[in-house]
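Student: Now for the letters of each chain:
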Amino acid sequence: MDNIIRKYLIMTLFKYGYIFQVQMILRERFCHQRLPEKPVGMESQHKHLLELLRRTAVHGESNSVLIVGPRGSGKTMLLNCVLRELLEVKDVNKNVLPVHLNGLLQTDDRIALKEITRQLNLENVVGDKVFGSFAENLAFLLEALKKGDRSSSRPVLFILDEFDLFAHHKNQTLLYNLLDVSQSAQAPVAVIGLTCRLDVLELLEKRVKSRFSHRQIHLLSSLSFIQYLDNVRSQLSLPQDFPDTKFYDEWNDSIKTLCEDQLVVDVLQSHYNSSKDFRSLHLLLMLALSRVSASKPAIKPTDLLEASRVCMVDSKANILHGLSILELCLIIAMKHLNDIYEGEPFNFQMVHNEFKKFLQRKSHSIHNFDKPVVIKAFEHLQQLELIKSMDSSTAKIQKEYQLMKLLLDHSQIMEALQKYPQCPTDVKQWAMSAFG
Amino acid sequence: MVRYFTRLRVRRIYKWGGRPYIFDRKLKSYGFEYLNMSVEGQEAVTTVTPGQYILIEGNDDEYPFVAKLLKLFGDESHKQKKALVQWFLRLSEVPQNKKLLLGRSPHPQEIFYYLGRACDDEINAESILGTVHVRQDNSPPGTKDTLYVKLSWDTKAFNVLDPVLMQDTSASTPPKPALPLFTPCASPTATPVSRGPVHHALPTPDPTVMRRAGSVSDTRATMSAGKRSTLEAESIHSASKLSASKILSAKRRGSAADTPGVRKKLQLSIGASECLYLRMKELRNSVCFPCFLIQVTPSTPRCATPCIPSRTVPARQPGNILEEARARLHVSSVPESLPCREQEFQDIYNFVESKVMDGTGGCMYISGVPGTGKTATIHEVIRCLQHASDMDEIPTFRFIEINGMKMTDPHQAYVQILQKLTDQKVTADHAAALLEKRFSNPAPKKETTVLLVDELDLLWTRKQNVMYNLFDWPTRRHARLVVLTIANTMDLPERIMINRVASRLGLTRMSFQPYSFKQLQQIITSRLNKVKAFEEDALQLVSRKVAALSGDARRCLDICRRATEICEHSASHPSSAGLVKMSHVMEALDEMFSSSYITAIRCASLQEQLFLRAVIAEFRRLGLEEATFQQVFVQHRTLSRVEGLQPISLSEGLAVCQRLGACRLLLLEASRLDMLQRVRLNVSQDDVLYALKPVRD
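Just so you know, the protein sequences line up as chains E and X, in that order.
Just so we're aligned: the first sequence equals residues 1 to 436 in the UniProt record's numbering.
Just so we're aligned: the second sequence equals residues 1 to 697 in the UniProt record's numbering.
In short, the hints are calculated from the structure, not lab data.
The structure presented is a predicted model; accordingly, all values stated were derived computationally and were not measured.
Where a beta carbon is used, it is the ideal one built from N, C-alpha and C, also for glycine.
Treat the hints with care, as some may be off.
[Claimed, not checked] Restricting the straight-line Cα-Cα distance to at most 20 Å, the calculated cross-link-like pairs of lysine to aspartate or glutamate (DMTMM-like) are:
1) Lys170(E) with Asp180(E)
2) Lys147(E) with Glu401(X)
3) Lys114(E) with Glu143(E)
4) Lys406(X) with Asp180(E)
5) Lys406(X) with Asp108(E)
[Said to hold, decoys possible] Chain X stretches covered by chain E per the calculated footprint, using a threshold of three residues with CB under 8 Å from any CB of chain E:
6) 309-315
7) 330-339
8) 406-418
9) 537-547
10) 647-657
11) 670-682
Next up, chain E with everything else stripped away, as it sits in the complex:
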């Protein structure tokens, strides 16, 4: 069915040119809608996990394992690849029951238990609802798992995404029970935890920890830049089964030359230096891809440069560009206060005084503002979270005397001033001067 739709889409898109097809294929890739054929750079981990789950599925051996790796390192992708491969095996196909849980969704054991019973389709589920109290559900599930045995009941794969969050549940009841089942002669289960915390084992209570098999699969990419570059090329290249061979050759050649361009290599190098994970790379490539159109049917190095500029932009500097001159002046006054008092917090009165001093001594272009107007500007800065109130009990102290801190770096302010359109020179000079 899926294929038919895809074919139909391809046929209709044919009229609009291949560019749309290219964009569709690549977007699917970058948005993680399709699993890659083979996980890159994690062959041994893939083998280990597949072997482990295969033993659970085929031999009914209970296991528990943690997949640990930083965010975006491909934990879920690896697991999904393994599951896909596992379900292709004939014996396994109808014999496993995967249960997916996520620590961000199942925030306590009550919800998690309901979700498990729902996904397992146990008999206390009618329609979409699970009956019974929390205690009854727990007893029911444990009873169900206890009744099973190694050779005759279907293996259950418990997949716990954000495993560390489950460790914060009360008494770690769910984890204890799942791991206990995995260590006793009951229905075969495999408990697979996915987490990005390296210290996850320290979160487990000692009796829970003892029941965990201490298998950890670490996904730490030791990708070199050359491999990274290769990967970019393969990510951007079109697949073999592209309908038009001429366009296919053209596109792939253009990608090859693109990856050899010095500008592109520099951009990618700085990205690689910042983070090695593919998620941020996909974001960059996605932005570059969106600049491709029928009139410009290839990715140019400048596209990538522009995309990287968008990716790496400093969000606060952007906010600064949109401020009024008065607000900018207040920021500069705060900067001077920071210089004078070495980062101690300030209040509105101090900033206002500093600003008035500037007006009296140096200013030629800026008129005096009424105090309410200045207060308004100050509050606006607070709303933008460029400054942050230090004391939590805001009710007691008058607005003018609340202690604040500036959430901007000096370099950010100076950079913003350079780029600010038609900034008065006296304001610039004031900002540059050592002391207000």
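Starting from the structure of chain E, add chain X where the hints point.
Tutor: Relative to chain E, chain X alone:
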């Protein structure tokens, strides 16, 4: 809950009747001819004479104990009233695992002549509730309030009852009971399997009761009309929550009320059930016998059987030696024997055995770090004792196990204990009351109960009443309860228990020491049981390493299992894999015990590594182990200039910092503090420097 408390409201008055005769000179007890009993505030008097069958107050309100009265006697002061009885059992009182011996489903009115010796046949006469008809018969009696006996039960098997035992009473007809007798057995809930599906809602009414109730329904016709609507509303409301079958039945009832044609027929059933409801309400008000309540709250449908669907293809059996070894080394596989815990085994065995033999109660506290075989040893003990009791060496006993981690709330312990004892499903408060009664009354307890409480520390509550009760019950005279408790910490009684709880726990304590390397080695060898898969040195390495770290047998087995996998993978062909060698074990140990921080730092991106160095540089500058992001970022910028890298923007710097925080290489404050959040290292500075060194070279 209501059911239980209603009983307390009735006060029955007992009076001796007839002339006393001296029964035992030594004990100065007097025998009596009969006993008059009446309910306070009512005229009616029931007379009980020896030879009659009586109902005795028990654990279960709906099913009181049945016995034959043999003798009535009291002491000189006539204060204490005692009775000597011959017990009869209902099937529900037969232990769970023996019920199958009957080989058929029992009739609800069937009782069994009790031939065991385990229970006291002397009872308090004031626990007598009334009389009951019992016949010895091969077929169930027609009338519903008569019980019948066919078989006897001697704690081992059901036998055909010898008619001689029943003879003397078959002739004498008991006097007509004047007390409004409502045998609980005839109550509508007493369907053969009392745990049948509830949502078939209204029970079929009993014809005799209906006839009796007929007059009542006439006089209350007006009232019942109003009642019916509320009742119906209630059931429709609950139907929305219950299953489809209930909705159907509610609909049927609704349509029946509309169409006059079918009305008559169906109204009969509604009316009847309602009459029954009223009748029972009446009865409850007068005698306060228990009465069933319509269940409205949706709960787990009782018919649901918890089970995991079975697989289509049976699991494959291990094929080669390594797979065989792996299956044997899995923690879940039950070993033939438990080596290295002989002493502990013997102590626990002696303790439980003596208590079971004497019919007394007691507590024992067992502590030890996880994975030292506490639960396994107790299970082994119970297995052996069960075997002994099957061989008739010791009296039968019942084993119940609860686990503090396997319940959602400490008070659920009561519910689970009661459910395992009697198969009843009640609320926690009610269960506590029932258990309290069960363990404090001299009811015919057939056997000792051995209760294993795992993860005791989880049963802690602020008032500690769960723990208090668990340890108080064994001290009761009639409880016959042995409580074995397990927890991780040795000084748990001193640390968390208040004095009266700790005192009741007593001083029978035992602690399981972590396994030494020799023991661990022995455990693995005995598990492998001549399957030659490991080199001797490899085994020794594993056990030494684990013994030095924790002495946790689970860990040891897991490492061995992992080593077999590594061995299998390293071989070119799965079948050609040889013994598990030292190198395989080393690799497994490395995988499980080595910290991953250093690898993580080495695999981090350049900016992340730079940030870590900046953190250390800032710490050194400040002389503190803590800095704000702002301070670190200044260092970071300087460092990147030194390294010849383009300095990154603040937003990007924060992202780098957050990534390190997510891995817990850094500990961060809440991210809403932005650049003021404080940063600490979660790894030692030396580790970071060590990890970064080769990268710089």
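Student: So which of those numbered hints doesn't the model satisfy?
Tutor: Violated hint (a single one): 9; every other hint is consistent with the structure.
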